[in-house]
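In the numbering used here, the protein residues as written are 858 to 1786.
Derived by calculation from the structure, the hints in this document are not laboratory data.
Given the structure is predicted, the values throughout are model-derived calculations rather than measurements.
Positions of the beta carbon are idealized from the N, C-alpha and C atoms, including for glycine.
Don't take every hint at face value.
As the list claims (entries may be wrong) - Below, in silico cross-link-like pairs of lysine to any residue (SDA-like), each with a Cα-Cα straight-line distance of 20 angstroms or less:
#, residue 1, residue 2
1, K1605, S1429
2, K1418, D1436
3, K1605, R1572
4, K1418, Y1442
5, K1605, S1629
6, K1167, V1266
Stated by the list, open to error - Simulated restraints on C-beta separations:
#, residue 1, residue 2, range
7, V1009, E1045, 55 to 65 angstroms
8, G938, L1293, 37 to 47 angstroms
9, T1603, R861, 32 to 42 angstroms
10, D1261, R921, 17 to 27 angstroms
11, T1700, P1668, 37 to 47 angstroms
12, G1486, G938, 39 to 49 angstroms
13, R1294, E1177, 36 to 46 angstroms
14, G866, T1575, 28 to 38 angstroms
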Amino acid sequence: MSYRLQVNGQSHQDEPHAGQCLRTYLRRHGWFGVKKGCDAGDCGACTVHVDGEPVHSCLYPAARAEGRCVTTVEGLASPNGELHPVQQRFLDAQGYQCGMCTAGFLMTTVALEAERGTEHDDGKLEDLPRAFKGNICRCTGYRAVEDAVRGVKHTERPRAGEAVGRNVAAPAGPQVVTGTARYTFDIEVPDLLHMKLVRSPHPHARIVAIDASAALRVPGVHAVLTHEDAPATLYSTARHEHPTEDPDDTRVLDDVVRYVGQRVAAVVADSEQAAEEGCRRVEVTYQELPYVTDPEAAMLPGAPVIHSGKGPQSRIARVENNVAGEVHGEIGDVEQGFADADVVYEETFRTQRVQHASLETHGCVAYFEPKEDGTGERLTVRSSTQAPFLTRRALCALYGLSQDEVRVVAGRVGGGFGGKQEMLTEDIVTLAALRLRRPVKLEYTRAEQFHGATTRHPFTIGIKAGARADGTLTAVRMRVVANTGAYGNHGPAVMFHSVGESFAVYRAPHKKVDAYAVYTNVVPAGAFRGYGLGQVTFAVESVMDELAHRLGLDPLVFREKNVIGPGEAMHSPIGEEEDLHIASYGLDQCLAVVRKAIAEDTGDRDVPDGWLVGQGTGMAMIATGPPGGHYADARVSLLADGTYDIAVGTAEFGNGTTTVHKQITAGALNTTEDRLAIRQSDTDVVRHDTGAFGSAGTVVAGKAVLLAASSLAERLRTLAARHTGVARHLCVLGAEAVDCAGRTVTLKELYEAGHALGAPEELTADGHWGGSPRSVAFNAQWFKLAVDPGTGEIRILRSVHAADAGKVMNPMQCQGQVEGGVAQALGATLFENVRIDERGEVTTAAFRRYRLPQYADVPRTEVHFTQTSDAIGPLGAKSMSESPFNPVAPAFANALRDATGIRFTELPLTRDRVWLALDRAARAHPGRW
């Protein structure tokens, strides 16, 4: 067979493998702009043009492309490097966040624009929901994508020293829109081996025997690793600064499996195909054990003990009752509080499993490289992680390695949302690399993301609250059960956090909580945007709304009467956190935004006859960083060419921290962001960084950057004074030089002077921040919606979000974070649900069976920022990555209650669930609608 294919004008003649799709063929030839997101043609990240027609290359057979011309995102720009007009518009609008989906949207838009005015033009570009029905973005909420298509420009280039508070473009923007940004697997590693995993078909079983002989006979298979090859050390996959926050209940490979999908063995081979065939030939003999999937049943006497035999060193609260962690506390006397109340409301609320669904799946590549001192080799692990430094620490502890023997680096990460605050692949890949002394790669499939990664914790919240007739809260009591799944990674911490700020935001003299994180034989839960607050806030805000209705009060007035105010102590029955303060207060402004939206609402002109209309609010408070310390080191240096280098440990995955760190540095050094280079998310570049989670990118790492840059500015002025003999206070640092009382000293000259004077240390400064004290941020969400009582269909008429972000470092980026958080939360509110069967097996292991919000599903949210400046955060900033998620579900449920009179207590609020409730109500009360 003679095979020939043109890709971006280059000829490729090697034949594809049997059955190979075009996506993997293109990536094998270095066209890394073609992304993998779903393996099934659902997300559009792999879109390319074949003879000008857009196709999903993960479904398109490579053999079918013979003799054709293929264009990838790398081929859109002109040969002289000039961007395609669509690429420029996406750059100007910053129509992306993590960027994994961007090539797909670009290729789709370019193809549709080429159709304009032709016989094939069917108006899709005027109907973007239809145009982008084959494209998914998990980050943006789609408004930024629409602005890019429409040619709306948001980015700007401020003058020297004025970057903070402006819409500075993301530094990686040109690479994102040209497909040259390098994500985890966008590298070529010579002599690379591929890993695939054998996974358990049983919810609970003991492995009696593993026969790998047939697998080892598969051509290209190098090894089959089992529990006999793995260290016996117990650890947690969760990444925290303090490992004791999580129970040590996990082995790299275990002889007991505790959920369907747990890894049993690893096959390492020359190709993925050989590794997959090896997995099919591994024969495992299991002794099945009793299992339990319901957390309430798991706590009962006689239930199967999931982690039997683990002792106190594992830090499991009650092994015999499957309780990974628990917390109990009371302020005052809640029974007295209920006795004092005129109205008492009690209900049970339930939230479901949700997948992070970041388009870049979990995975890593491990390979060896020479040590810098030439004394041998060290292991480098390139991983899709939010916490490279904590991952290195865990790998060193697990395999008895020193830190100079392991480097962990993250390229650009294709989305995280908390899911990559885990070590899910690095441990097993390191085992193989150390055993074989060869580079090894493991990249999860989309199905593995569902049944082999983690989810948001499902919660059951029993809540009872009372209030006097004037609206004063008297008591709140909660019993919270979080299903942590088969392993306790993040379980106790999520449970603990869930009943912190959710309680503390409201004043009540009597509060009580009993909360449990419970093991079951299902896929493990983990860190997820909001870290437990979203689940409990759904219950708390629903109850506050219900109390207001039953008292005949305006729900906003009820909230304003009971929320904490500026300078007040935050009381929670789990105890006060001494380092947590209200260092700025914007909740009153958030609620004022909602009140104004209600007052200015223009009515129901677009609502079909017979539909029910309602509006509702939810609010939330969140700490601007995790408790117990979250550490960041940064270094800023003047370089020989007169530009600056920023070194910081935090990872970039669409959270925008890279941009903010450059803005902070530009402000402190009175320069422009184009004179700053940044190195990040690499254990080589700074001493330590806890990680990009807990909304710490700005308030922790950003603070460290500010300290380093401010210190360097002072050092450079001192050095300039020493060099020129001019008084230090007369030396003014500029973008490219220092003005010393009229004498101009270029930064290049200053660099040379530093070395000439024997003071090279004055050209570099370090910053460190320990994440404490911490402040709090506030958010409020308001919806107006319409419901068809005959079908359960819901239309969002208006969405308004108010965010107390302190000093907004980059309004464009921060608005995108809010919009993305609202969109993701709407998915969890309306339809996202990781379903499991009676054995705990995930049944929604593909995007087409697990519905994600698409363009047509997401309203344009009106985002408003309060005018506050925080006394703790860098330059007055507060965090705003997680918090927009939390008030969305209760605001939606409260609007639905206002429209229908029905209190919905279980998520998601799917159309069938809504219709069934409406139908029951109509049967009970004929003529109600």
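Look at the Cβ atoms of T1603 and R861 and judge whether their distance stays inside 32 to 42 angstroms.
Check failed, 54 angstroms falls outside 32 to 42 angstroms.
Holds or violated: 28 to 38 angstroms for the Cβ distance of G866 and T1575?
54 angstroms, violated
So if I understand the rule, the pair passes when the alpha-carbon distance is 20 angstroms or less; does K1605 with R1572 pass?
15 angstroms, holds
Given a hinted range of 55 to 65 angstroms, is it respected by the beta-carbon distance of V1009 and E1045?
37 angstroms, violated
Going straight from one Cα to the other, do K1418 and D1436 come out at no more than 20 angstroms?
26 angstroms, violated
Could one say that the CB atoms of D1261 and R921 fall in the range 17 to 27 angstroms?
50 angstroms, violated
Cβ distance range 37 to 47 angstroms for T1700 and P1668, holds or violated
The hinted range 37 to 47 angstroms holds for T1700 and P1668, with Cβ atoms some 42 angstroms apart.
For K1418 and Y1442, compute the direct alpha-carbon distance and say whether it is at most 20 angstroms.
16 angstroms, holds
Using the C-beta atoms of G1486 and G938, is the stated range 39 to 49 angstroms upheld?
46 angstroms, holds
Do the Cβ positions of R1294 and E1177 conform to the proposed distance bound of 36 to 46 angstroms?
43 angstroms, holds
Go ahead and decide if the range 37 to 47 angstroms is satisfied by the Cβ distance of G938 to L1293.
At 41 angstroms between Cβs, range holds.
Quickly compare the C-alpha distance for K1605 and S1429 to 20 angstroms and report which way the hint goes.
55 angstroms, violated
Hints 1, 2, 5, 6, 7, 9, 10 and 14 from the list above are not met by this structure, while the remaining hints are.
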